[in-house]
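In my numbering, the protein residues as written are 2 to 130.
Check the hints yourself; a few may be wrong.
To be verified - Listed next, the in silico DSSO-like pairs over lysine-lysine satisfying Cα-Cα at most 30 angstroms (straight line):
| id | residue 1 | residue 2 |
| --- | --- | --- |
| 1 | Lys80 | Lys126 |
| 2 | Lys56 | Lys114 |
| 3 | Lys80 | Lys114 |
| 4 | Lys82 | Lys114 |
| 5 | Lys82 | Lys126 |
| 6 | Lys80 | Lys97 |
| 7 | Lys126 | Lys114 |
| 8 | Lys80 | Lys105 |
| 9 | Lys105 | Lys82 |
| 10 | Lys97 | Lys114 |
Worth flagging that the hints you see were computed from the coordinates, not collected in a lab.
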Amino acid sequence: MPINFRKIIAIVILLIILVLFGWLVLKGVKAVVGYWQRPRGEQFEAPKTLQEVYKDEYDRDNDFDGLTNEEEEALGTNKTKADSDDDGVLDYDEVKIHGTDPLKPDTDGDGHKDREEILDGFDPKVQGK
2 MPINFRKIIA IVILLIILVL FGWLVLKGVK AVVGYWQRPR GEQFEAPKTL QEVYKDEYDR
62 DNDFDGLTNE EEEALGTNKT KADSDDDGVL DYDEVKIHGT DPLKPDTDGD GHKDREEILD
122 GFDPKVQGK
């Protein structure tokens, strides 16, 4: 049976590549995915709060409801609470989508909360569910 040198060379090259790749990964050198391992002893500290992660956004919108702090101040809504009237509809949705009052849980005063009327397909600005 003749020795096929091409196959042997291909296998040797493949083994060398695998060993080099394994060495690079173990040593923390930039691997294929582009991840740099942190130097030994350096600790990664995760942010403590959403405010730290999204600081710029938080400075513009404290409750992340879609209305800026300035808009909330002008409307009189709570800028730290996404649903100021606790009716189940975000302040942004009340102002920008449904046209309801973000300070009244029942905009039309018919005894049904705005969210209830919206989910049931009624207009929360018109009395009578």
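Handout entry: Hints violated by the structure (listed by number, smallest first)
Key = 2
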